[in-house]
Amino acid sequence: MREVAIVGIGLSRWGEVWDASLRSLWTEAALAALADAGVDTVDSITVGCMSPGLFVGQEHLGALLADELGMPGVPATRVESACASGGVALKAAFAEVASGMADIVLASGVEKMTDVSGDECTAALATAADAELEVFHGASFPGLYAMMARAHMERYGTTREQLAMVAVKNHKHGSMNPRAQYRQEITIKDVLRSAKVADPLNVLDCSPITDGAAAVILAELSVARKLAKGRPVVKITGIGHATDAIALHSRPDMTSIPATTKAAQRAFAMAGKGPQDVHFVELHDCFTIAEIVVLESLGLCAPGEGGKQAESGRTALGGALPVNVSGGLKSKGHPVGATGIAQMVELATQLRGQAEKRQVAKARVGLAQNMGGTGASTVVTVVEVAS
Amino acid sequence: MSLNPARVAREFPSRYRLEAAKCAGCGHVAFPARLVCPACRGTKHTAVTLDPAGKVLTFTVIHVPPAEFKGQAPYVLAVVELADGVRVTCQVADVDPAAVKTGMPVSLEFRRIQEDGEAGVIAYGHKAVPA
Ligand SMILES: [Zn+2]
Chain A
6 MREVAIVGIG
16 LSRWGEVWDA
26 SLRSLWTEAA
36 LAALADAGVD
46 TVDSITVGCM
56 SPGLFVGQEH
66 LGALLADELG
76 MPGVPATRVE
86 SACASGGVAL
96 KAAFAEVASG
106 MADIVLASGV
116 EKMTDVSGDE
126 CTAALATAAD
136 AELEVFHGAS
146 FPGLYAMMAR
156 AHMERYGTTR
166 EQLAMVAVKN
176 HKHGSMNPRA
186 QYRQEITIKD
196 VLRSAKVADP
206 LNVLDCSPIT
216 DGAAAVILAE
226 LSVARKLAKG
236 RPVVKITGIG
246 HATDAIALHS
256 RPDMTSIPAT
266 TKAAQRAFAM
276 AGKGPQDVHF
286 VELHDCFTIA
296 EIVVLESLGL
306 CAPGEGGKQA
316 ESGRTALGGA
326 LPVNVSGGLK
336 SKGHPVGATG
346 IAQMVELATQ
356 LRGQAEKRQV
366 AKARVGLAQN
376 MGGTGASTVV
386 TVVEVAS
Chain B
19 MSLNPARVAR
29 EFPSRYRLEA
39 AKCAGCGHVA
49 FPARLVCPAC
59 RGTKHTAVTL
69 DPAGKVLTFT
79 VIHVPPAEFK
89 GQAPYVLAVV
99 ELADGVRVTC
109 QVADVDPAAV
119 KTGMPVSLEF
129 RRIQEDGEAG
139 VIAYGHKAVP
149 A
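Protein sequences appear in the order of chains A and B. Residue 6 is where the first sequence starts when you use our numbering, and the numbers rise one by one after that. Residue 19 is where the second sequence starts when you use our numbering, and the numbers rise one by one after that.
Simulated from the structure, these hints should not be mistaken for lab results. Backbone N, C-alpha and C define an ideal beta-carbon position, used for all residues, glycine too. Please note that a few of the clues may not be correct.
These stretches of chain B come out as covered by chain A in the derived footprint (C-beta under 8 Å, 3 or more residues) [what the hints assert, rightly or not]:
#, segment
1, 34 to 45
2, 73 to 83
3, 86 to 96
4, 102 to 109
With a straight-line cut-off of 20 Å between C-alpha atoms, the simulated DMTMM-like cross-links for lysine to aspartate or glutamate are [to be verified]:
#, chain 1, residue 1, chain 2, residue 2
5, B, Lys73, A, Glu159
6, B, Lys73, B, Glu136
7, B, Lys119, A, Glu8
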């Protein structure tokens, strides 16, 4: 395999962006990434998007968006794995560059979520769960994660306050990110007093509904060195992908996410690294309990110890293993198909030393974990500064 | 989700009669029936009927429901494990949500789950009730 680097990064505006369509949001991010890389064309485009058909009544995004960018003729493909669509788009782009099929690829993600009502949005997101076995009976996504939370609390003694501490930490991080959707700090009390959604999870345990797009330009390493212009070259050294049964009840242990463990093992094996080598992490905190379970499933703490990580300060900026310094999905926002790519934007920003107030000191190895549904699709990526 | 009549009808064996598939190779019971055994990838099965008795493994109280369940909230949604190891996600009915506990013995009963307006399909399935 050829070595692959991130040579350009870009984000669109994030939030409730009522004056921007799916195509204009995506184009904003793509143009920003092309400008950052200093290239004006690419060999191929991948687009991660969960459900443009349900959110805006548009499929066939590959061709639509290549044309929108003024690049008709370039091969462009939409890929979908629920909220892991961005991670899977990254993997598809990585494979094209690593294999030699392309030298420069635009990997992107987008979701336009606020053109539909809240109920329609809930219904679109619910398609990431098992329609016949879960959604038919009244399951919602907060409900499924709430059942994981209760199982974790009863098995390990994880507390309601420890869940809240994840949201408090990620909002504090997000307050230092000018691109974050919700930049206000919150307290444990705020989380505990916020409206009940699915017991034991409240509104402030949940990531928000977000419009947004993200893009990265991947290039073969020698091409990347030419484009670096004095900036550190950021390499993707490991990428792992795994799946599982999508119904939560089908998994023997509802307090862990086996697909995340498998994807991490594959990414670490490719990178020749282990959990102890990681300096900072962007992970898929769609709900507070998710950050706790994912830390354990990635091997970054022991099973049952996830609740103590935010509480002890280990996962805060300045701690031994900062997690979600971007604000995470919770504060930065979660345009579902864009999230996996936005994580790459944050890793590259940190590894280039351009994260300003939220810069992780001596960051040289970062890890991203992006998942769909209750974790039935996971992509884990290891990114490093090239020597 | 769509309550297309054919889609609802083809789930009758599992939702009306608790029919499952027992793998001829390894004995794993899959519910609902499927073509490939998730335990051994075997493809030969015999139909079995599940014992409706089980226990609550984990649960939540849904306060913000999907549109189809607006009239029912707050309701309890649980993962229930039946006697032969089969697990299902379903509501727990006929109980004060505050009284539901993990480990609680329950039994699956045939109930109305959702309906498509006044003139559309009514979809039935199982809910758990305290045993
Ligand atoms: Zn079998």
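Coverage claim, chain A over the segment 102 to 109 of chain B, checked by counting residues with Cβ within 8 Å (three needed): holds (count 5)
Chain A over the segment 86 to 96 of chain B, status - at least 3 residues with CB closer than 8 Å: holds (count 6)
Residues of the segment 34 to 45 of chain B with Cβ under 8 Å from chain A, three needed, outcome: violated (count 0)
Outcome, coverage hint (the segment 73 to 83 of chain B, chain A; C-beta under 8 Å; three residues): As far as the segment 73 to 83 of chain B goes, the hint holds, because 9 residues have Cβ atoms under 8 Å from chain A.
Given hint Glu159 of chain A paired with Lys73 of chain B - CA-CA distance at most 20 Å: 15 Å, holds
20 Å limit on alpha-carbon distance, applied to hinted pair Lys119 of chain B and Glu8 of chain A: Roughly 53 Å separates the two Cα atoms, so the pair is violated.
Pairwise hint evaluation, Glu136 of chain B against Lys73 of chain B, where the allowed Cα distance is 20 Å at most: 34 Å, violated
Of the numbered hints given earlier, the model fails hints 1, 6 and 7; all others are met.
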